[in-house]
Amino acid sequence: GESVGLHLPTLSVQEGDNSIINCAYSNSASDYFIWYKQESGKGPQFIIDIRSNMDKRQGQRVTVLLNKTVKHLSLQIAATQPGDSAVYFCAENSPKNYGQNFVFGPGTRLSVLP
Amino acid sequence: NAGVTQTPKFQVLKTGQSMTLQCAQDMNHNSMYWYRQDPGMGLRLIYYSASEGTTDKGEVPNGYNVSRLNKREFSLRLESAAPSQTSVYFCASRIGQESNQPQHFGDGTRLSIL
Numbered sequence: 264g265e266s267v268g269l270h271l272p273t274l275s276v277q278e279g280d281n282s283i284i285n286c287a288y289s290n291s292a293s294d295y296f297i298w299y300k301q302e303s304g305k306g307p308q309f310i311i312d313i314r315s316n317m318d319k320r321q322g323q324r325v326t327v328l329l330n331k332t333v334k335h336l337s338l339q340i341a342a343t344q345p346g347d348s349a350v351y352f353c354a355e356n357s358p359k360n361y362g363q364n365f366v367f368g369p370g371t372r373l374s375v376l377p
Numbered sequence: 003n004a005g006v007t008q009t010p011k012f013q014v015l016k017t018g019q020s021m022t023l024q025c026a027q028d029m030n031h032n033s034m035y036w037y038r039q040d041p042g043m044g045l046r047l048i049y050y051s052a053s054e055g056t057t058d059k060g061e062v063p064n065g066y067n068v069s070r071l072n073k074r075e076f077s078l079r080l081e082s083a084a085p086s087q088t089s090v091y092f093c094a095s096r097i098g099q100e101s102n103q104p105q106h107f108g109d110g111t112r113l114s115i116l
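Sequences listed follow chains A and B, in order. Start counting the first sequence at 264; every next residue gets the next number (our numbering). Start counting the second sequence at 3; every next residue gets the next number (our numbering).
So that you can see chain A by itself, here it is in the shape it has in the complex (with noise of 0.2 angstroms):
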């Protein structure tokens, strides 16, 4: 595979059990969050989205709740499968940046044990 994510911290967990991913964001001003899955060799996978105007919102087994307060954010996963193993990133919607783009965090590998 790619050399993508040589450095980046690693969550293991066993199969089955629930994964939390965290999430640090910069900018107070952003006001939409993106949570991206990606697999070796491929692209950026949405996975669930939330506006500042919420504090969780759910999907099929992933979860994403938004602290404005301290600018953080996390991905939850239940019952974590094998499938689940790739590298995860949030990104936010900034309005200065680049004519309101994302920035994206570095990302976390999540490694699912047998």
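Think of the hints as simulated: they come from the structure by calculation, not from any bench. Treat the hints with care, since some could be wrong.
[Said to hold, decoys possible] Which residues of chain B face chain A? A partial, calculated answer using Cβ under 8 angstroms:
no.: 1; residue: G42
no.: 2; residue: Y50
no.: 3; residue: F92
no.: 4; residue: G98
no.: 5; residue: P104
no.: 6; residue: F107
no.: 7; residue: G110
The C-beta atom is built at its ideal place from N, Cα and C for all residues, glycine as well.
Given chain A's structure and the hints, the job is docking chain B onto it.
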């Protein structure tokens, strides 16, 4: 539905050579983007096109040029490749620049400059 298609998938160049990376989307999106992804770092914006007929610099534009050929296609050109441009390049699109909608990514071009 192909989404965002990038060509080529892999390329090796010698220092000083030029090449164009191609990107096309079939989702009728107005905005398109070029990023580079390097180990341990978040995606960095090279150039973007908020709408057909416009292009703007992102965070790391030096050494690159872009062309928004039509609504579907957005190409990235390296005029004189340098080893520092060895990276994985991703093209993305979304409905509009100011929309709270996610970007959709292609699967990348892995570029090595010798």
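Structure-based check of all given hints:
For the restraint placing G42 of chain B at the interface with chain A, the shortest Cβ-Cβ distance is roughly 4 angstroms, inside the 8 angstroms limit, so the hint holds. The beta carbon of Y50 of chain B is positioned within 8 angstroms of a beta carbon in chain A (closest approach about 6 angstroms), and the interface hint is therefore held. Because the smallest distance between the Cβ of F92 of chain B and any Cβ of chain A comes to about 6 angstroms, under 8 angstroms, the interface hint for this residue holds. Residue-level restraint check for G98 of chain B is violated (minimum Cβ-Cβ distance to chain A is 10 angstroms; threshold 8 angstroms).
For P104 of chain B, the interface hint holds, since its Cβ comes within 8 angstroms of a Cβ in chain A; the closest pair sits about 5 angstroms apart. With 8 angstroms as the threshold, the beta carbon of F107 of chain B comes within range of chain A, its nearest partner Cβ sitting at about 4 angstroms, so the hint holds. Among the interface hints, the one on G110 of chain B holds; its C-beta lies about 5 angstroms from the nearest C-beta in chain A, closer than the 8 angstroms criterion.
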